[in-house]
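Protein chains: 4
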Amino acid sequence: MKADKIKILKTAVWKANMDLWKSGLVIQTFGNASGADAAEGVMAIKPSGVDYDECRWEDMVVLSIDSGEIIDGPLRPSSDTPTHLALYRAFPAIGGIVHTHSRYATSWAQSGRAIPCLGTTHADYFYGPVPVTRKLSTDEIKTDYEANTGKVITEYLSAATNQPFDVPAILVPHHGPFTWGKSAADAVHSAIALEEVARTALLTLSLNPEAVMPQELIDKHFRRKHGPDAYYGQKGEKS
Amino acid sequence: MKADKIKILKTAVWKANMDLWKSGLVIQTFGNASGADAAEGVMAIKPSGVDYDECRWEDMVVLSIDSGEIIDGPLRPSSDTPTHLALYRAFPAIGGIVHTHSRYATSWAQSGRAIPCLGTTHADYFYGPVPVTRKLSTDEIKTDYEANTGKVITEYLSAATNQPFDVPAILVPHHGPFTWGKSAADAVHSAIALEEVARTALLTLSLNPEAVMPQELIDKHFRRKHGPDAYYGQKGEKS
Amino acid sequence: MKADKIKILKTAVWKANMDLWKSGLVIQTFGNASGADAAEGVMAIKPSGVDYDECRWEDMVVLSIDSGEIIDGPLRPSSDTPTHLALYRAFPAIGGIVHTHSRYATSWAQSGRAIPCLGTTHADYFYGPVPVTRKLSTDEIKTDYEANTGKVITEYLSAATNQPFDVPAILVPHHGPFTWGKSAADAVHSAIALEEVARTALLTLSLNPEAVMPQELIDKHFRRKHGPDAYYGQKGEKS
Amino acid sequence: MKADKIKILKTAVWKANMDLWKSGLVIQTFGNASGADAAEGVMAIKPSGVDYDECRWEDMVVLSIDSGEIIDGPLRPSSDTPTHLALYRAFPAIGGIVHTHSRYATSWAQSGRAIPCLGTTHADYFYGPVPVTRKLSTDEIKTDYEANTGKVITEYLSAATNQPFDVPAILVPHHGPFTWGKSAADAVHSAIALEEVARTALLTLSLNPEAVMPQELIDKHFRRKHGPDAYYGQKGEKS
Numbered sequence: 001m002k003a004d005k006i007k008i009l010k011t012a013v014w015k016a017n018m019d020l021w022k023s024g025l026v027i028q029t030f031g032n033a034s035g036a037d038a039a040e041g042v043m044a045i046k047p048s049g050v051d052y053d054e055c056r057w058e059d060m061v062v063l064s065i066d067s068g069e070i071i072d073g074p075l076r077p078s079s080d081t082p083t084h085l086a087l088y089r090a091f092p093a094i095g096g097i098v099h100t101h102s103r104y105a106t107s108w109a110q111s112g113r114a115i116p117c118l119g120t121t122h123a124d125y126f127y128g129p130v131p132v133t134r135k136l137s138t139d140e141i142k143t144d145y146e147a148n149t150g151k152v153i154t155e156y157l158s159a160a161t162n163q164p165f166d167v168p169a170i171l172v173p174h175h176g177p178f179t180w181g182k183s184a185a186d187a188v189h190s191a192i193a194l195e196e197v198a199r200t201a202l203l204t205l206s207l208n209p210e211a212v213m214p215q216e217l218i219d220k221h222f223r224r225k226h227g228p229d230a231y232y233g234q235k236g237e238k239s
Numbered sequence: 001m002k003a004d005k006i007k008i009l010k011t012a013v014w015k016a017n018m019d020l021w022k023s024g025l026v027i028q029t030f031g032n033a034s035g036a037d038a039a040e041g042v043m044a045i046k047p048s049g050v051d052y053d054e055c056r057w058e059d060m061v062v063l064s065i066d067s068g069e070i071i072d073g074p075l076r077p078s079s080d081t082p083t084h085l086a087l088y089r090a091f092p093a094i095g096g097i098v099h100t101h102s103r104y105a106t107s108w109a110q111s112g113r114a115i116p117c118l119g120t121t122h123a124d125y126f127y128g129p130v131p132v133t134r135k136l137s138t139d140e141i142k143t144d145y146e147a148n149t150g151k152v153i154t155e156y157l158s159a160a161t162n163q164p165f166d167v168p169a170i171l172v173p174h175h176g177p178f179t180w181g182k183s184a185a186d187a188v189h190s191a192i193a194l195e196e197v198a199r200t201a202l203l204t205l206s207l208n209p210e211a212v213m214p215q216e217l218i219d220k221h222f223r224r225k226h227g228p229d230a231y232y233g234q235k236g237e238k239s
Numbered sequence: 001m002k003a004d005k006i007k008i009l010k011t012a013v014w015k016a017n018m019d020l021w022k023s024g025l026v027i028q029t030f031g032n033a034s035g036a037d038a039a040e041g042v043m044a045i046k047p048s049g050v051d052y053d054e055c056r057w058e059d060m061v062v063l064s065i066d067s068g069e070i071i072d073g074p075l076r077p078s079s080d081t082p083t084h085l086a087l088y089r090a091f092p093a094i095g096g097i098v099h100t101h102s103r104y105a106t107s108w109a110q111s112g113r114a115i116p117c118l119g120t121t122h123a124d125y126f127y128g129p130v131p132v133t134r135k136l137s138t139d140e141i142k143t144d145y146e147a148n149t150g151k152v153i154t155e156y157l158s159a160a161t162n163q164p165f166d167v168p169a170i171l172v173p174h175h176g177p178f179t180w181g182k183s184a185a186d187a188v189h190s191a192i193a194l195e196e197v198a199r200t201a202l203l204t205l206s207l208n209p210e211a212v213m214p215q216e217l218i219d220k221h222f223r224r225k226h227g228p229d230a231y232y233g234q235k236g237e238k239s
Numbered sequence: 001m002k003a004d005k006i007k008i009l010k011t012a013v014w015k016a017n018m019d020l021w022k023s024g025l026v027i028q029t030f031g032n033a034s035g036a037d038a039a040e041g042v043m044a045i046k047p048s049g050v051d052y053d054e055c056r057w058e059d060m061v062v063l064s065i066d067s068g069e070i071i072d073g074p075l076r077p078s079s080d081t082p083t084h085l086a087l088y089r090a091f092p093a094i095g096g097i098v099h100t101h102s103r104y105a106t107s108w109a110q111s112g113r114a115i116p117c118l119g120t121t122h123a124d125y126f127y128g129p130v131p132v133t134r135k136l137s138t139d140e141i142k143t144d145y146e147a148n149t150g151k152v153i154t155e156y157l158s159a160a161t162n163q164p165f166d167v168p169a170i171l172v173p174h175h176g177p178f179t180w181g182k183s184a185a186d187a188v189h190s191a192i193a194l195e196e197v198a199r200t201a202l203l204t205l206s207l208n209p210e211a212v213m214p215q216e217l218i219d220k221h222f223r224r225k226h227g228p229d230a231y232y233g234q235k236g237e238k239s
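Chains as they are written, first to last, in our numbering: chain C, 1 to 239; chain Y, 1 to 239; chain Z, 1 to 239; chain U, 1 to 239.
Don't read these hints as lab results, they were simulated from the structure. Computed from a predicted model, the values in this text were never measured in an experiment. Ideal placement from N, C-alpha and C gives every residue a C-beta, glycine not left out. Mixed in with the good hints, there may be bad ones.
In the PhoX-like style, the derived pairs of lysine-lysine whose C-alpha atoms are separated by at most 25 Å in a straight line are [as the list claims (entries may be wrong)]: (1) LYS2(C) with LYS15(C); (2) LYS135(Y) with LYS151(Y); (3) LYS225(U) with LYS135(C); (4) LYS22(Z) with LYS22(C); (5) LYS220(Y) with LYS151(Z); (6) LYS182(U) with LYS151(U); (7) LYS220(C) with LYS142(Y); (8) LYS22(Z) with LYS22(U); (9) LYS135(U) with LYS220(Z); (10) LYS22(Z) with LYS22(Y); (11) LYS135(Y) with LYS220(C); (12) LYS7(Y) with LYS182(Y); (13) LYS5(Y) with LYS182(Y); (14) LYS22(C) with LYS22(U); (15) LYS225(C) with LYS142(Y); (16) LYS22(C) with LYS7(C); (17) LYS15(U) with LYS182(U); (18) LYS15(Y) with LYS22(Z); (19) LYS2(U) with LYS15(U); (20) LYS182(U) with LYS2(U); (21) LYS220(Z) with LYS151(U); (22) LYS225(Y) with LYS135(Z); (23) LYS15(U) with LYS22(C); (24) LYS22(C) with LYS22(Y); (25) LYS220(Y) with LYS135(Z); (26) LYS142(Z) with LYS225(Y); (27) LYS5(U) with LYS15(U); (28) LYS15(Z) with LYS22(U); (29) LYS182(Z) with LYS225(Z); (30) LYS142(U) with LYS225(Z); (31) LYS2(Y) with LYS182(Y); (32) LYS5(Z) with LYS15(Z).
In silico contact screen, one side only, chain C against chain U (beta carbon under 8 Å); selected entries [what the hints assert, rightly or not]: (33) PHE30; (34) PRO47; (35) SER107; (36) HIS174.
Could you put together the complete structure from these sequences and hints?
Have a look at this one:
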């Protein structure tokens, strides 16, 4: 892989991590963004446990998606790397992944409940509820924990229709949210929207525990922004 | 329409959009402010899907209120434009409109509940509950959705007394709030006040689900700031 | 009154208003701080309806506490001026007053409930619950509303023991909080502490509706900071 | 003790107090960080009642851990100094202590409830629930209150297994949280994590009052970051 391509990927992933940090979604060193170069078969990710305010673009770690081996970068990659690798392997269309412990999305994950689609803000980004994966078994926790986290996510997505982009977010129980997109920047946008949606859903249910949204309104808003009939933004679909 | 008048309108609408963004009420590209020049029969509005931090005053889009045709500006107008047009057509006194997905007002909209008037902060801005429109029918969602959103709002306001300025805000169910005023800046003020009022009402009901406010106190506070007996501010009524 | 004394008072009151604004407790033009010069028999207060970011120290309005007449300043004083005057007249030891519509304190006021003393943060500032005044009668609302708001506050304080400084805060039902202190800066400190205490009390009751705090711990914390046995801060009692 | 060692300790403790302040966990003068130099048998702590924005590193107060006597610094130490001393005496491995009145942790303390471990964010920092000490007796409140606060904390920790570092935080009922670590900076990290965890736990229980986390997942996350099998960060265990 040529040096200029590595630099482009590392810079994009570094910028996504910085945007994630500035968004207030991550606390201390909790959270990471990665990005893939599918043509080259590689991903870049934040190094493990490094403070965001000390992170430079050079510190990003580049790995082979196939083998998981480090190709570039002096540091150890995020401990969540096997989860990211599992997603890139299962869905080559995914170009970026974000994991956070953002407050409201994490609270839903800790509660074991899917986030219901209660309004157009949700439907603009996520076509229906944001689901929760099954729990990991005791064996899956003890051995290859991070890879198995990726396994329960890809298991869920492979069984669902129109994935991974109709609902580019999922909750791992007792843990927190993962989001993805066509690029690392996209995945950061989804993470920010998810937190907003998670917060508003919690508030809505405190005002009306029976709140539901009509399916035709969900369809309308999602299709206004996504797919062949999109008419939101300057170019139809906003990438 | 002369170039200097277009520039004045676009600049005012751009500034209102910037103030809205700085207020923290909008997330990502969700939200828009428009302003009208009634004498000229035009409105200006934010372009669709453009990031706030990249928005320049030149990017605002000017349209004929009557025909909805674009008069000035290189970009596509906000996808909510037909909603704004419906309001300007029905109420020529309206000089500015704001739509957001602000957290607390949106939570009330998603819950389908009107925001009750529980305190003087509310009564200073809104003379009684902030209502919820009826739901759109399936047909109204499928065809001309944004124009029909304007229709359910103007339907409600036309049937109410002393509208549109006694309660310059409304909630569209499963969606979010719209506010308005005599100018775009005014509509932004209402949007900020609405979010505060929505938040405080939710907190108040969590402390006392039976809370109500005496009508004479609502009257007193609203009339202290609005109408012929106003004595708040430096000029009686604050515009 | 000499020009230099007027300037000192106006500057102190302007600074208190700016600190109040920066604290995030006030929204738009809602909220005001005043300060008294008891020896001169005057108070200074924020002008009515002027935006905080356009307020200069020269804009503060100086009035006679006794007559309520304007002594200095080109603008109309805050519409809440009669409330401030009532408090200065009843309690000459009060040197500063703050009124806000801060979120959590206002929510308690709107709910009609006193804020119970549930922890040492509360007891450090307020010696027991922060009370709610009686409601104003219809006549008291219709005529001299702001002066009558001052009347229900001073009525409550005059009937209570060790006032006004044991609990330098009160809630007016359906309206919001007033705080005071030996200076305008002191009153701002109380307003900030009140909002924090109001928020924590609401959260505490959501975790344990039966929470109560032992009286001896309230005594200990209040007296650690106030009165002859104080030992907090660099000079015993922190002014 | 040599001047350069005093300066190093005071500077580290001052920096920890500044970081605490910037984190938003302390209001006004409520909260303090201290640090120990075990080899020298001394601790440094914030002076009492001094505003954070006026605090200089020179103002930190150095005391003998053994005798509690002031060794260096012109000001009175924090009124909570006896609590800090009790902890340093009981657990020489503790190198830093933080006390705050942060909102969510304080709400749990005021409610008298331990913070349950409901997710991996919690387990990454705290190996199980964050406990509440017993209440102080009336005598313990009236005499040597701050030292007795230290006594109930050390009493709890001495009876628990693997303390003080498996759960480097505790709640004192009706009061607030204390956290600690191998350094003052470490204790600040724990205080920030505790507040986040306290907030997320409250939100989780509002969504699912029955939420619990499997013990094997708690084990996995804690041991991923702490102890001989740690593999998080660049050096195994993050200090």
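Here is what the structure says about each hint:
For the hint linking LYS2(C) to LYS15(C), the alpha-carbon distance of about 20 Å falls within 25 Å, and the restraint holds. Taken as a hint, the LYS135(Y) and LYS151(Y) pair is honoured in the structure, with Cα atoms around 11 Å apart against an allowance of 25 Å. This hinted pair checks out: LYS225(U) and LYS135(C) have alpha carbons roughly 22 Å apart, not beyond 25 Å. The straight-line distance between the Cα atoms of LYS22(Z) and LYS22(C) is roughly 22 Å, inside the 25 Å bound, and the hint therefore holds.
With a CA separation close to 17 Å, the supplied pair LYS220(Y) and LYS151(Z) stays within the 25 Å bound. A threshold of 25 Å between alpha carbons decides the hint, and for LYS182(U) with LYS151(U) the separation of about 20 Å falls inside it, so the pair holds. Our distance criterion of 25 Å between C-alpha atoms is met by LYS220(C) and LYS142(Y), whose separation comes to about 7 Å. A C-alpha spacing of about 15 Å is found between LYS22(Z) and LYS22(U), which places the hinted pair at or below 25 Å, so the restraint holds.
In summary, the hint linking LYS135(U) to LYS220(Z) is supported, as the alpha carbons are separated by about 14 Å, within the 25 Å threshold. Between LYS22(Z) and LYS22(Y) the alpha-carbon distance is near 15 Å, which keeps this suggested pair within the 25 Å criterion. The straight-line distance between the Cα atoms of LYS135(Y) and LYS220(C) is roughly 14 Å, inside the 25 Å bound, and the hint therefore holds. A threshold of 25 Å between alpha carbons decides the hint, and for LYS7(Y) with LYS182(Y) the separation of about 19 Å falls inside it, so the pair holds.
A threshold of 25 Å between alpha carbons decides the hint, and for LYS5(Y) with LYS182(Y) the separation of about 18 Å falls inside it, so the pair holds. Distance hint between LYS22(C) and LYS22(U) is fulfilled; the C-alpha atoms sit about 15 Å from each other, no more than 25 Å. Restraint check for LYS225(C) and LYS142(Y): satisfied, since their Cα atoms lie roughly 15 Å apart, inside the 25 Å limit. For a cut-off of 25 Å, the pair hint linking LYS22(C) to LYS7(C) stands: about 22 Å separates their Cα positions.
Using a Cα cut-off of 25 Å, the hinted pair LYS15(U) and LYS182(U) holds, with the two alpha carbons roughly 15 Å apart. With a C-alpha separation of about 22 Å, the suggested pairing of LYS15(Y) with LYS22(Z) holds against the 25 Å cut-off. Distance hint between LYS2(U) and LYS15(U) is fulfilled; the C-alpha atoms sit about 20 Å from each other, no more than 25 Å. For the hint pairing LYS182(U) with LYS2(U), the CA-to-CA distance comes to about 22 Å; that is within 25 Å, so the pair holds.
The suggested pairing of LYS220(Z) with LYS151(U) holds, with an alpha-carbon distance near 17 Å, which does not exceed 25 Å. Proposed proximity of LYS225(Y) and LYS135(Z) is supported: the alpha carbons are some 21 Å apart, at most 25 Å. About 22 Å separates the Cα atoms of LYS15(U) and LYS22(C), which keeps this hinted pair within 25 Å; it holds. Restraint check: the Cα-Cα separation between LYS22(C) and LYS22(Y) comes to about 15 Å, which is no more than 25 Å; the hinted pair holds.
Taking the CA atoms of LYS220(Y) and LYS135(Z), the gap is about 14 Å. The hint holds against a cut of 25 Å. A C-alpha spacing of about 15 Å is found between LYS142(Z) and LYS225(Y), which places the hinted pair at or below 25 Å, so the restraint holds. Of the pairs offered as hints, the one joining LYS5(U) and LYS15(U) holds, with about 15 Å between alpha carbons and a cut-off of 25 Å not exceeded. Simply put, LYS15(Z) and LYS22(U) have alpha-carbon atoms about 22 Å apart, close enough for the 25 Å limit, and the pair holds.
At most 25 Å may separate the alpha-carbon atoms for a hinted pair to count; LYS182(Z) and LYS225(Z) meet this at roughly 15 Å. Distance hint between LYS142(U) and LYS225(Z) is fulfilled; the C-alpha atoms sit about 15 Å from each other, no more than 25 Å. At most 25 Å may separate the alpha-carbon atoms for a hinted pair to count; LYS2(Y) and LYS182(Y) meet this at roughly 22 Å. Between LYS5(Z) and LYS15(Z) the alpha-carbon distance is near 15 Å, which keeps this suggested pair within the 25 Å criterion.
Interface restraint check for PHE30(C): the shortest CB-CB distance to chain U comes to about 7 Å, inside 8 Å, so the restraint holds. Of the supplied interface hints, the one on PRO47(C) holds, with its beta-carbon coming within about 7 Å of a beta-carbon of chain U, less than 8 Å. With a least beta-carbon distance of about 4 Å to chain U, the hint placing SER107(C) at the interface is held under the 8 Å criterion. Contact between HIS174(C) and chain U, as hinted, is supported at the beta carbon level, the nearest pair being about 5 Å apart and thus within 8 Å.
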